[in-house]
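**Q** Sequence:
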Amino acid sequence: MIVGIGGHGRVLMDMARLLTAYRLAAVVDDRFTAVELRGGLPYGPISELPNFIADEPDMHVVIGVGDNRTRRAIVERLALPEAAYAVLVHPAAVVAEDARLGLGTVVMPGAVIGPGAAIGTHAIINSGAVVEHDAVVGAYAHVSPNATMAGAAVAEEGAHIGSGAVLIPSVRVGSWSVLGAGGIAVRDVPDGVTAVGVPAKAIR
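Note that my numbering numbers the sequence shown so that position 42 is 42, with each residue one more than the last.
If you're looking for bench data, these hints aren't it; they were derived computationally from the structure.
Watch out, some of these pointers could steer you wrong.
With a cut-off of at most 20 Å between alpha-carbon atoms, the simulated EDC-like pairs for lysine to aspartate or glutamate come out as follows [stated by the list, open to error]: (1) K201 / D188; (2) K201 / E156; (3) K201 / D191.
Cβ-Cβ distance ranges computed for the label pairs, FRET-style [as the list claims (entries may be wrong)]: (4) R17 / A181: 37 to 43 Å; (5) L19 / K201: 36 to 42 Å; (6) E97 / G39: 35 to 41 Å.
No experiment lies behind these values; they were computed from the predicted model shown.
By construction, the Cβ of each residue, glycine as well, lies at the ideal position given by its N, Cα and C atoms.
Please put together the full structure from these sequences, using the hints given.
**A** Structure below.
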């Protein structure tokens, strides 16, 4: 089941249809006020999620929302056991055998996750992103399309690494911070700031 039918949710719907480990069973989003069928697939408000799970006890959930804080808020609202969440990895992604992927995480086409890398729960590794060996991506973080985290770099909880941005080896982007698109972090970025440019500097 996918929670959220915005842009990211629709991408996950397309991706889910390519996977052999899962079958797309339902979609929930609060823009729906009642359950309706579309092409044989049930859609409904988030309040219907327990009913959908009751009908299919083996159902797993993934949050189809790109905004990190909203994704966390939905997870907290649902209060599901962690085991209820799926890990979605696109067939065109490359994930090292010993990389660790937290539940609720999605890995998009063309992404590369290297040996020893660790991805937290409900993170997004977007299309073409590279998370190199021993790098760490925290819970609810988002590594955007074509961003690169070099070896042992760290994106803390809720961090947003913008499209095409780069973290050089062992550099850290703090919790709930943003590294803007195309930015290059050559030194640590503190918690809760937005950093842009080459080299990246905090602007707020």
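**Q** Each hint should be assessed against the structure and marked as holding or not.
**A** Against the structure, the hints come out as follows:
no.	hint	verdict
1	K201 / D188	10 Å, holds
2	K201 / E156	17 Å, holds
3	K201 / D191	13 Å, holds
4	R17 / A181: 37 to 43 Å	29 Å, violated
5	L19 / K201: 36 to 42 Å	41 Å, holds
6	E97 / G39: 35 to 41 Å	37 Å, holds
Hint compliance for this structure: hint 4 is the single one not met.
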